[in-house]
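Residue numbers (the working numbering), protein chains in the order written: chain A, 22 to 224; chain B, 22 to 224.
No wet-lab data here; the hints were simulated from the structure.
A hint or two may mislead.
Copies of the same chain are indistinguishable here, so a pair counts whether it falls within one copy or spans any two.
As the list claims (entries may be wrong) - With a straight-line cut-off of 30 Å between C-alpha atoms, the simulated DSS-like cross-links for lysine-lysine are: (1) 195 x 62; (2) 149 x 161; (3) 161 x 23; (4) 159 x 67; (5) 67 x 43; (6) 23 x 106; (7) 43 x 141.
Number of protein chains: 2
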Amino acid sequence: MKLYDLPASPNARRVRIFIAEKGLEIPMEPVDMAAGENKTKEYLAKNSLGRMPLLELDDGIHIAESIAICRYLENIHPENPLFGKNELDQAIVEMWQRRMEFIFLNPIINVFRHTHEMWKGQLTQIAKVAEVESEEVKTKMDWLNTELEGNQFIAGDNYTVADITAQCAFVMGKAAIGIRIPEELTNLSAWWSLVTSRPTARA
Amino acid sequence: MKLYDLPASPNARRVRIFIAEKGLEIPMEPVDMAAGENKTKEYLAKNSLGRMPLLELDDGIHIAESIAICRYLENIHPENPLFGKNELDQAIVEMWQRRMEFIFLNPIINVFRHTHEMWKGQLTQIAKVAEVESEEVKTKMDWLNTELEGNQFIAGDNYTVADITAQCAFVMGKAAIGIRIPEELTNLSAWWSLVTSRPTARA
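Bound-form chain A, shown alone (with noise of 0.2 Å):
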């Protein structure tokens, strides 16, 4: 098995803590976006879509999509579940892995490629999805603060695959936009310093 990996995408840094979480030693390999290596004529016969991340099984296999890839690991790792418990839980977690992924990690992505000189003539760069995203991004920080009242984690008791995408999100908001979570949304700091001092945060 081998992960084909682009380090500063937030998408694949959700695998990489995923991976880290589940303790398993998956061997990485960079491809180097900026030289072209994703759409040479190799790399897209693995993933017609010419993105990372990307998991090669060793029959050859091609699994793309981020969350697609730990589904896999948790699926034939499933000790320490990260996508819930059971099958309430799993539909709990998904919820809101996915609002997760709707209301922060995507905004932000898109945030930075509508701004960034790194996607400029990449595609149609429109500066006012960037200022009406961001503005969005921070009204929605005031929901998360509310919503994780009496809640140690995104979707409860237990750290999962919810809380690696909303801090991924904000690791690349904070790095990428300067969008920062302000000290008085406590709960949501709280919740920040708690998943930032895990051990696989740097994964």
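Take the given structure of chain A and dock chain B to it, following the hints.
The following block gives chain B in isolation, referenced to the frame of chain A:
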């Protein structure tokens, strides 16, 4: 168990088709968004984001997010699986479900929101977003047509939740923003005929 429904929503349709494919009978209660029923204190206590669909369990627990609802129904009714049969298959289905969501469903919903009268005043409509995403959806139809070569369904030999997401995307594309599957994309057209002729397609 009860489903709070939004009849015209492609996300709610995904859940209705899923329920029909599973052969389940779940009472549905339409929520009148135009009348603001989703923003009442009572509804917001069930789903703080005020969105539909929403599954209410008999013990008063609520599950939001269409795919989380489907996952719960799959978990409690595992026969006739729509999320894949085994560990690997489940990852492949998830990969395709997410691709259909990110590449088709979400952009098509976005085009609608950024152009339609109904959304005026509810968000900052940006015409350029609609234009760019619309073109991208058309380009990606070619990609999907190629990917379907040799496969009956999106994720392989079986009808899955990935097909449900894709068909709900293209139903909305056709009805709401005038994007149709071009006839010359023969694999995609054959798939479209196949899925839309299923008895559940109009659920």
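The hints, checked one at a time:
no.	hint	result
1	195 x 62	neither (35 Å within a copy, 33 Å between copies)
2	149 x 161	both (18 Å within a copy, 25 Å between copies)
3	161 x 23	between (36 Å within a copy, 28 Å between copies)
4	159 x 67	between (37 Å within a copy, 23 Å between copies)
5	67 x 43	within (25 Å within a copy, 33 Å between copies)
6	23 x 106	both (27 Å within a copy, 24 Å between copies)
7	43 x 141	neither (37 Å within a copy, 46 Å between copies)
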